[in-house]
Amino acid sequence: MKKKILVILAVICVIASGVGYYFYRTQRNVSVGLNNDIQDENGKKGKTSLDSSKVLVIYFSNGGNTQKLAKEIYDQVGGDFGQIKPQKAYPKGNKLYDYTKNEQEKNGRPKLKDLNIDISQYDTIFIGYPIWWYTYPQIILSFFDQYDLSNKTIIPFVTHGGSGMSGTKEDMEEYLKDKNVTVKEGLAVSRTDIEKSQKKTVENWLKELGYK
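Using numbering that gives the first Met the number 0, read the sequence shown as starting at 0 and increasing by one per residue.
Derived by calculation from the structure, the hints in this document are not laboratory data. All clues stand as given, with none of them false.
Straight-line distance between alpha carbons at most 25 Å, and here's what the computed DSS-like set of lysine-lysine pairs gives:
id : residue 1 : residue 2
1  : 70        : 87
2  : 87        : 110
3  : 84        : 94
4  : 112       : 70
5  : 211       : 195
6  : 70        : 199
Fair warning: this is a prediction, and the values are worked out from it, not measured in the lab.
Based on the sequences and whatever the hints tell you, model everything.
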């Protein structure tokens, strides 16, 4: 009788050990899984949220170069797309140089065609322009004057003939200092490179901004 009892007790011990080990392994796996989830989440590189429904890519382009760059940016970030146009078209060719120089010296503000865009609905605005006389065209100031950019994030992109951003980020910050805007690092592409694909250039720039 004692022998039977000992055998039964031994069987119970084995079963209990197995059940205990099973629950230990299960609990450990759940714990490890949670830790891995936390590690994966914490290990992600910081990324800025970019709600495409609140993004506007807008540009001024006289010769078409800035338009090409704007389209590449729009293809990658989405949102809405618009063009800044003067009511009176700028001249072409050599006449453009004298015309824009005179406009800058007089601190002119060319009148804009209606954008048909409600600027208030956007949080982030990518704004593109060519560099003229080492700064942005006066028509960009017309845009700044006409539309309320208060509390928005502005990201400039430019095409140029060798001068890069030409300090326009800082000029923009100064001009809009009463609007509480955030101006992020811009993208400058030489007009000699604009015929090449700018997909990778734009992609890398967006990554640096934290949008990829």
